[in-house]
Structure formats: C-alpha cells, structure tokens
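All letters in the sequence shown, in the order written, are residues 150 to 443 by the numbering used here.
Simulated from the structure, these hints should not be mistaken for laboratory data.
One or more of the hints may lead you astray.
Claimed, not checked - Here are the computed lysine to any residue pairs in the SDA-like style, where the Cα-Cα straight-line distance is at most 20 Å:
1) 389 x 403
2) 312 x 389
3) 389 x 318
Unchecked claim - Simulated DEER-style distance windows between Cβ atoms:
4) 428 x 308: 29 to 37 Å
5) 406 x 352: 28 to 36 Å
6) 308 x 336: 20 to 28 Å
7) 394 x 330: 24 to 32 Å
8) 414 x 376: 49 to 57 Å
9) 438 x 254: 18 to 26 Å
The C-beta atom is built at its ideal place from N, Cα and C for all residues, glycine as well.
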Amino acid sequence: MTTPEAEQSSSVPEAEGPREPLDAQAASGASDQAGGARPEERLERAVRVAEQALIEYEIAVETFRIEVENFSRLHHQKLGPMYARLDELDAEIAEAKAARTGDPEDVRAAREARARVMPMPGVEELFHGWMDSEGLFPEAAAMLTEQPVRPPQRVRPSDEARKAYRELVRKAHPDLAQDERERARRDEFIARVNSAYGRGDEALLRELAEEWAAGPAPAEWQPSHSEELYARLEWLAQRKELLTLVASELEEGAIGAMLKLAPDDPDRFLEEIAEQLLAQVAQREAELAALLGL
C-alpha cells in the first residue's frame, strides 16, 4: 500500500502520512539565490514553485483518500458479516444464560445484547449489499461457510492507473488555469479523471489523456503585478492548510490507522483479522451449543 508521502519521496516511511508541500517562504528564499532579479520576478518564481508543490501534495492526499475509501469498503465486505455473526452469537448466548438462570441481571444483559443485533436504519447502505433487515445476504452467509463468493473490490488502483492519474493531474490541474473559463474546463475534466481513477479504469484514463492532448494547449498563468502574486501565495498557503487537515483526518481515522499497520499488504492484514474472527465465531458456537445441550 502506498501512502501519500511515498508519492512524494521514497525515503520517507510510508506510514507517516502526507508531507506538506514547500511553503511560500521557502520557495521565495530559494528564488533569491538567482540574485539581481526584480521583486516581481522572484515572486513569480515563488508562486510557480508553490503551485507545483501544492499540486503534488494534493495528488498524494487524493491518492490516500481513495485507498482509505476502497480499504473501508473491502473491510465492510469481508469482515462485516463476521462481526454481525459474532453479535448474533453473543445475543443467543446471553439469552440462553438468561433462560437457564432467570436472574434479572442476566435477563437485562440478554436484552442489551439483542438490542445490539437489531438492524438500524440504513444498514443496507452501510454494508454495501451484504446485509438487510432480514439478516445476512447469501454472499455474506457463503463467506462465513467458506463457500465461493464474488471477489471484493481492489484495495487500490493499479500502478498503471496511478501513473496515468498523476500525469493527467499535473497537466490539467485547475490551479494552472489562466482565467475562470479555463478553470471551469479543467474542473470538469479533473472530476472525470478522479472518477476514472477511483474505479481503477486504466482504459478510460488513457482515453482522457488522449482527449486532453487533443484539446487547447494550456496557457501559463502570468501574474501582472505584485499584489496579485501576494494574493496568490496567500491562497496557496490557505489551500495547503486545508489539505493538511484533510490528510490528518484520514490518517487518524480507524481505516487510516489500519492501513498504517500493513501498508505493503493490506489484503493479507484483512485475512489475518478474518481468521481471528472465524476462530471467535467457532468458540462462540461451541459455547452456545454447550448451553443448549446440543
């Protein structure tokens, strides 16, 4: 699994999350080394460096967001039915104990355990077609009994899709627009690129690359005076802060934290959790059978 900062530097551990782009001050300081340039020229160079750094960071954050989203879907598909089965067994065990003892405390515990199993509004959407108000769908039941099921969605887009996506975003990013009309065109195009990348559709990404190559050549943005440049740098700084918050939320979430535990092989990580859950299911079933005298 490739985390966002690995998109920017292979020397940074993958689990550390997205790294912030160069800020305007660092970019401006680097441009001063050229010497002799007028202030507006130094500002122009600072803006270009900051823009490219921000685009790279945005690519890294978006890539990580897609990985988190796909891993979350796979997590629900593969492990959701097992968690549901464990909750059901816990409820049945608690009810069997309550029926045997008649103790009010056991009866209360049984009611609470059963309440945790009761379906909530929107549960179909939560489990993406694996569970409805009547219980588990056939695919979920098949997984618990080790029968063949449809393969889950890939955790992340392929390397080829990733490469095509990065190239397209670098060329067509809205921040490179010269005017509002060009920005709108780029916004619409990048939305289609993001959609294709989220599905890992390499063929569509190639088609979009051909479409962009055949379109009007993008014009470089040339600021006319220093006030506009300062405003642009301020906007870039604000955008960077926003992306940093988004990246932090992704990394600190439950799914992001799980990805950090196994960045290179998340599929195997899920398999290990599934094996543990299946062992717990078997233990609960044996406990229930003993209580019912089966």
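Hint check results:
1. For the given pair, residue 389 sits about 24 Å from residue 403 by alpha-carbon distance, which is inconsistent with the 20 Å threshold.
2. Restraint check: the Cα-Cα separation between residue 312 and residue 389 comes to about 23 Å, which exceeds 20 Å; the hinted pair is violated.
3. The straight-line distance between the Cα atoms of residue 389 and residue 318 is roughly 17 Å, inside the 20 Å bound, and the hint therefore holds.
4. Between residue 428 and residue 308 the Cβ separation comes to about 35 Å, which falls inside the hinted range of 29 to 37 Å.
5. Range check, residue 406 to residue 352: about 34 Å between beta-carbon atoms, so the 28 to 36 Å window is met.
6. The hinted window of 20 to 28 Å between residue 308 and residue 336 holds, with their beta carbons roughly 27 Å apart.
7. About 30 Å separates the C-beta atoms of residue 394 and residue 330, a value consistent with the hinted range of 24 to 32 Å.
8. The supplied range of 49 to 57 Å is met by residue 414 and residue 376, whose beta-carbon atoms lie about 52 Å from each other.
9. Here the CB-CB span from residue 438 to residue 254 is close to 24 Å, well matched to the stated 18 to 26 Å.
Of the numbered hints given earlier, the model fails hints 1, 2; all others are met.
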